[in-house]
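Quick note, the sequences are listed as chains A and B, same order.
Heads up: the first sequence begins at 10 in our numbering, then just goes up one per residue.
Heads up: the second sequence begins at 138 in our numbering, then just goes up one per residue.
Simulated from the structure, these hints should not be mistaken for lab results.
Some hints here could point you the wrong way.
What the hints assert, rightly or not - In the EDC-like style, the derived pairs of lysine to aspartate or glutamate whose C-alpha atoms are separated by at most 20 Å in a straight line are:
hint, chain 1, residue 1, chain 2, residue 2
1, A, LYS335, A, ASP280
2, B, LYS222, B, GLU232
3, B, LYS222, B, ASP171
4, B, LYS233, A, ASP240
5, A, LYS181, B, GLU197
6, A, LYS181, B, GLU225
7, A, LYS254, A, ASP240
8, B, LYS139, B, ASP215
9, B, LYS139, B, ASP238
10, A, LYS181, A, GLU148
11, B, LYS139, B, ASP228
12, B, LYS139, B, GLU197
13, A, LYS210, A, ASP286
14, B, LYS222, A, ASP240
15, A, LYS254, B, GLU232
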Amino acid sequence: MISAPRPTPHPACSIAPPDLLSRLASQGTAEQRDAALSALAASASMRTQRSMLSQVRRRLGNEVANQLAGLDVTPERRQTIYDNQRQGRSFLPGVRVRGEDDPPTADADVNGAYDGSAATYDFYRDVFNRDSLDGQGMELVSSVHYGVDFDNAFWNGAQMVYGDGSGRVFVKGALAQSIDVVGHELTHGVTSFTANLAYSKQSGALNESFSDVFGSLVKQRHLNQTADQADWLIGAGTLVPALGKALRSMSAPGTAYDGDRQPDHMDGYVDLPDDNDPRNDNGGVHINSGIPNKAFYLVASALGGQAWGTAGAIWFHTLTERLQSKAQFVDAAEQTMQVAKEMFGDTAQSSVASAWQQVGVIS
Amino acid sequence: MKVSVVRGGGLAGITTRTEVSRSALPTAAAGILDRLVEEAGVREPPAPSSPSGPDQMLYEVEISDDDGTVRVRFTDADLPDGVRKLIEWVDSRAEKIHRLDV
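Between the sequences and the hints, there should be enough to build the whole structure, so can you do that?
Following this line, the structure appears as structure tokens:
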């Protein structure tokens with residue numbers, strides 16, 4: 010299902026990243042150059058405002074600075090890490106162990122969750138000008154050491170939860186320290202505040218895929234990688250080695266671990282019921298996400314460069330502005346093609362169309 | 138009696154099965170298993186399972202004995218405390234058999 014058409018953004022949309030804007034400003038058409046220059050001016054001025062407010066805060070203290078908060082020019086990261094002390098759901102979030110301004114602790118999971126959340130917040134703010142998961146500066150809350158040897162990490166609708174891992178499925182301590190796992194989970198929060206993709210069958214697989222896409226992009230930006238340098242793996246090194254190298258491969262779905270059933274084409278789509286049977290994975294949401302994952306990888310590879318600035322910008326705008334909760338693969342294909350045309354022009358649109366054709370979503 | 142725990146969903150989407158047979162346990166441990174199964178209340182009709190949130194684990198607990206087989210399903214959001222304790226105890230036993238469920 011598709012939302013009603015919205016006003017077409019200017020060719021160089023304001024969510025485009027600075028490096029892309031710089032390129033358009035120097036190499037684009039006259040229209041693209043003007044749009045890019047004005048977007049660059051706005052983003053430069055935001056950085057200046059941020060820096061000025063920091064100076065005010067240092068000189069006058071937080072109280073005065075907070076009175077200036079009404080100016081709404083300084084998206085500020087706020088996060089707190091808690092220790093669940095292996096007690097599970099009834100003890101969430103747990104004991105507070107590290108706040109935004111606190112130094113690292115002796116606990117690697119606490120620091121991993123802190124650093125991953127910080128990188129994810131910074132990614133959304135700096136690349137897409139989004140202030141936290143809800144776009145309104147919501148505090149990022151994370152609990153580590155959840156439950157006893159718990160083999161999972163998830164977003165529970167209000168906060169992040171990380172288990173220690175049992176050593177039978179996940180390496181102990183690996184989940185909270187995997188930056189793309191953190192980015193994946195927090196992106197479920199972004200999705201819940203935007204397209205709110207229903208967590209079942211195709212819309213659920215899209216929900217999963219957007220989390221893989223932005224989880225991977227958070228890691229790629231952290232490592233300053235271009236699309237051709239990235240490993241395109243999700244959760245590399247988190248599974249015990251006997252199971253495999255990673256949870257998912259976006260470039261080669263179905264190859265991440267022994268028993269990985271992800272298809273990379275609609276011909277291999279696994280049609281499972283959504284019946285709360287643990288074997289059926291909410292209708293195959295972690296299985297069929299391989300198809301849109303591969304499409305994103307193909308687009309990022311075709312456009313080249315840093316994937317968050319090109320393919321990532323198209324996918325972000327589609328997730329936050331275009332898709333509705335019951336969206337199917339074909340809706341994602343149509344909307345990403347449209348957004349690609351609006352943001353980057355006909356060549357980008359062709360690359361997106363070609364990718365969705367290669368995975369069999371459109372013909 | 139045999140207790141089986143099937144776990145799926147989650148961040149990984151990997152399904153595993155962990156089971157323990159009462160006959161493989163020392164007498165004292167068998168008594169503890171009886172008590173945990175009783176307290177888990179899985180023989181009662183379960184409340185309807187709530188919809189799963191992103192990456193939450195899905196659980197199926199199966200109790201098989203001479204009276205037949207009882208099978209109940211939960212998500213992380215509605216896993217009762219008694220069932221959670223039973224699962225953690227099964228996980229903690231050296232006698233358990235753990236494998237991928239494919």
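Now the hints, each set against the structure:
| no. | hint | in the structure |
| --- | --- | --- |
| 1 | A/LYS335 with A/ASP280 | 17 Å, holds |
| 2 | B/LYS222 with B/GLU232 | 17 Å, holds |
| 3 | B/LYS222 with B/ASP171 | 13 Å, holds |
| 4 | B/LYS233 with A/ASP240 | 36 Å, violated |
| 5 | A/LYS181 with B/GLU197 | 24 Å, violated |
| 6 | A/LYS181 with B/GLU225 | 16 Å, holds |
| 7 | A/LYS254 with A/ASP240 | 11 Å, holds |
| 8 | B/LYS139 with B/ASP215 | 23 Å, violated |
| 9 | B/LYS139 with B/ASP238 | 17 Å, holds |
| 10 | A/LYS181 with A/GLU148 | 27 Å, violated |
| 11 | B/LYS139 with B/ASP228 | 14 Å, holds |
| 12 | B/LYS139 with B/GLU197 | 14 Å, holds |
| 13 | A/LYS210 with A/ASP286 | 13 Å, holds |
| 14 | B/LYS222 with A/ASP240 | 39 Å, violated |
| 15 | A/LYS254 with B/GLU232 | 28 Å, violated |
In the structure shown, a violation is registered for the earlier hints numbered 4, 5, 8, 10, 14, 15, in ascending order.
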